[in-house]
Amino acid sequence: MSMTVSLVFLALLMAVFGGWLFSYSLRVRPWEAQAAGSRQVQGLGGGQVPPAATAPRVGLAVFLAVVASLFALTISAYLMRQEMAHDWRPLAVPGLLWWNSACLVLGSVALQLAWRAARHEQPARLLRGLLAGGGLTIAFILGQALAWWQLQATGHYLAANPANAFFFLLTALHAVHLLGGLFVWSRCLFRLQHGATPGAMRQSVELCALYWHFLLVVWGILFILLLRT
Amino acid sequence: MCGARDMAFPYLNMLSYWFYLAAVLILMTSFFVPGGATGAGWTLYPPQAISPGTPGIDGGILLMFASLSVFIAGFTMGGLNYVVTVLQARTRGMTLMRLPLTIWGIFMATVMALLAFPALLVAILMMLCDMLLGTSFFMPEMLNLGEQSGHEGGSPLLYQHLFWFFGHPEVYIVALPAFGIVSDILATHARKNIFGYRMMVWAIIIIGVLSFVVWAHHMFVSGMNPYFGFLFATTTLIIAVPTAIKVYNWVLTLWRGNIRLTVPMLFAIGFIFTFVNGGLSGLFLGNVTVDVPLADTYFVVGHFHMVMAVAPVLVVFGAIYHWYPKITGRMLDDTLGKVHFWVTFLGTYAIFYPMHFMGFAGVPRRYYGYGETAYIADSMQTLNAFMSVAAIIVALVQLVFFYNLVRSYFHGREAGPNPWQATTLEWQTEHTPPRHGNFGAQLPVVYRWAYDYSVPGAKQDFLPQNMPPEAVEADDAAPRRQP
Numbered sequence: 001m002s003m004t005v006s007l008v009f010l011a012l013l014m015a016v017f018g019g020w021l022f023s024y025s026l027r028v029r030p031w032e033a034q035a036a037g038s039r040q041v042q043g044l045g046g047g048q049v050p051p052a053a054t055a056p057r058v059g060l061a062v063f064l065a066v067v068a069s070l071f072a073l074t075i076s077a078y079l080m081r082q083e084m085a086h087d088w089r090p091l092a093v094p095g096l097l098w099w100n101s102a103c104l105v106l107g108s109v110a111l112q113l114a115w116r117a118a119r120h121e122q123p124a125r126l127l128r129g130l131l132a133g134g135g136l137t138i139a140f141i142l143g144q145a146l147a148w149w150q151l152q153a154t155g156h157y158l159a160a161n162p163a164n165a166f167f168f169l170l171t172a173l174h175a176v177h178l179l180g181g182l183f184v185w186s187r188c189l190f191r192l193q194h195g196a197t198p199g200a201m202r203q204s205v206e207l208c209a210l211y212w213h214f215l216l217v218v219w220g221i222l223f224i225l226l227l228r229t
Numbered sequence: 230m231c232g233a234r235d236m237a238f239p240y241l242n243m244l245s246y247w248f249y250l251a252a253v254l255i256l257m258t259s260f261f262v263p264g265g266a267t268g269a270g271w272t273l274y275p276p277q278a279i280s281p282g283t284p285g286i287d288g289g290i291l292l293m294f295a296s297l298s299v300f301i302a303g304f305t306m307g308g309l310n311y312v313v314t315v316l317q318a319r320t321r322g323m324t325l326m327r328l329p330l331t332i333w334g335i336f337m338a339t340v341m342a343l344l345a346f347p348a349l350l351v352a353i354l355m356m357l358c359d360m361l362l363g364t365s366f367f368m369p370e371m372l373n374l375g376e377q378s379g380h381e382g383g384s385p386l387l388y389q390h391l392f393w394f395f396g397h398p399e400v401y402i403v404a405l406p407a408f409g410i411v412s413d414i415l416a417t418h419a420r421k422n423i424f425g426y427r428m429m430v431w432a433i434i435i436i437g438v439l440s441f442v443v444w445a446h447h448m449f450v451s452g453m454n455p456y457f458g459f460l461f462a463t464t465t466l467i468i469a470v471p472t473a474i475k476v477y478n479w480v481l482t483l484w485r486g487n488i489r490l491t492v493p494m495l496f497a498i499g500f501i502f503t504f505v506n507g508g509l510s511g512l513f514l515g516n517v518t519v520d521v522p523l524a525d526t527y528f529v530v531g532h533f534h535m536v537m538a539v540a541p542v543l544v545v546f547g548a549i550y551h552w553y554p555k556i557t558g559r560m561l562d563d564t565l566g567k568v569h570f571w572v573t574f575l576g577t578y579a580i581f582y583p584m585h586f587m588g589f590a591g592v593p594r595r596y597y598g599y600g601e602t603a604y605i606a607d608s609m610q611t612l613n614a615f616m617s618v619a620a621i622i623v624a625l626v627q628l629v630f631f632y633n634l635v636r637s638y639f640h641g642r643e644a645g646p647n648p649w650q651a652t653t654l655e656w657q658t659e660h661t662p663p664r665h666g667n668f669g670a671q672l673p674v675v676y677r678w679a680y681d682y683s684v685p686g687a688k689q690d691f692l693p694q695n696m697p698p699e700a701v702e703a704d705d706a707a708p709r710r711q712p
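The listed protein sequences derive, respectively, from chains C and R. For reference, each letter of the first sequence is one residue, going 1 to 229 in the working numbering. For reference, each letter of the second sequence is one residue, going 230 to 712 in the working numbering.
Read the hints as simulated data drawn from the structure, not as lab findings. Heads up, some of the hints might be wrong.
[To be verified] 20 Å max Cα-Cα, derived SDA-like pairs, lysine to any residue:
id: 1; chain 1: R; residue 1: Lys555; chain 2: R; residue 2: Gly669
id: 2; chain 1: R; residue 1: Lys421; chain 2: C; residue 2: Pro30
id: 3; chain 1: R; residue 1: Lys688; chain 2: C; residue 2: Leu12
id: 4; chain 1: R; residue 1: Lys421; chain 2: C; residue 2: Thr4
id: 5; chain 1: R; residue 1: Lys688; chain 2: C; residue 2: Leu60
id: 6; chain 1: R; residue 1: Lys421; chain 2: C; residue 2: Glu32
Only a predicted model underlies this, so the values are computations on that prediction, with no experimental measurement involved.
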């Protein structure tokens, strides 16, 4: 059953959360009070949340889980629609998508370098990394739009076949998420241009880089799906 | 309750509210567009929802889709904030296993909603494509009012899968916060620790997880492989296990407790009765063979109203009576509250209990008039009239509740900081109602769980979460344990 994709995703997510909680709840006796000097009273939640898990990072992780759920469900719908009807004519994926994918990979690498530059307080490198990352992503989105135009020009209209419709839907959903990322990226750039230090930018750049890596992985999965079906 | 001054992301919190308000306003607008608001029901099943002739097809349904999309965006912001606040903004000592069950219920419901709402969003986007761009995700080839629809090959069943993948967790998204709140109300007003706290937490989590693998029990009559029917019936019935654990634990919390029959407590006990009644009829509907004849009858309406409409609403009322003193600094009127409870509680039974019998008699749901229908007995009409009268009475008594809310705000008895002698942190704030930042200069430090009522050996009847063990006075009169 095609919903398995979504169920496997949810099962993995719940297993991680459940396992984490299980490891705490087993050893804990909630009805016992702790004295003021005890470990649990000293730290936040008794050290249950690692120090690296800051609020913005956890916030991003939760948001990525939501986005992953959205894509897992769309992929489920894709596979289900393919199974359910006999009108599915596979779409020849435009070769341009390979170039677009390369742009996205390089964009992700550039943002990783920008994150590194922010960690090492290197403003020039940070700016270069950010500009390259954003520029390559804009190139990716324009490339996707060009691929759409190519498909339309060769008669593969949106409404002509469910495979076409899903191609447009999946690529559009992915591009919208990248556009959201570009909004945050433009704010980073704005702050940098207005004198923010790399140290102050570190968290924002880090979140951008992680978001880009995630969307790269999502694109990889979508691209493989489109190529194989 | 978790000892935070504010949400983890206050700006996002504000933004989520404005998105929510925009969603409501967009939906309200649909009443004023040509063709009126949506007439496709809450499930919005295609092909009917977007076919010519359906009320609202000229714009109302489109506005509903827009409203839902904005709502989901707003909820994602709010939900993300809830999850991060519970995980990150707890005060010192507030471990996960010391969180009040209210927080656990809200937390798990939020996690579920974050993962389930994307299914609705995907379904809406695909339906919008079918409606506006002529795709055929859900729309099959069909003749409508003598005209070819222009779609072909789409699968309405695909929509149902996506919709119910959201729709069933939604039931528990409504119920889980109520489960948490009722646990706290019962413990506070029975002056007893909640029975089986860890079991209660795990039951919340297991219910949340299982609710994602039962969605197709809403589709038994839509047609499916019999093995899938068996699978989904099994998973549906398995959910009864953690749910029953919760019910037993609520009852065992009451067992030999020092029960104070306050208005919140009445609503909490009313919830247990109603939830058990509604849950038991769910066992009927969870079985494929019983569900098939009962599907789309009044039995279903009776079941889900008892279990997910009336029961959680009773808890919402209980919660308002419980926390109103902290929100306003004044008590709600007790007599008016009791009138409100008894008429609402008994009245809802008068409305929804007879529906089960009507369902057995085969009366279908979703019709506003039956006309000359031979197989529906006249007595059903009498029963229907009785239910309508009961519904009007229940609706009217809600006016008493609103009157109580307004009157008590100005003339209610002064509540003081902790009128119910509760242990959780919100009752320990410096000011009532709490001021901005909740806790004054210092955040409270938590030393114990939220259920230290009637602790053996302690002089106090209750020990607030922020009371250090050193501050607990020993009860000299208490019988000492033999060494």
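* Index of numbered hints that the structure contradicts, given in increasing order -> 3, 4 and 5
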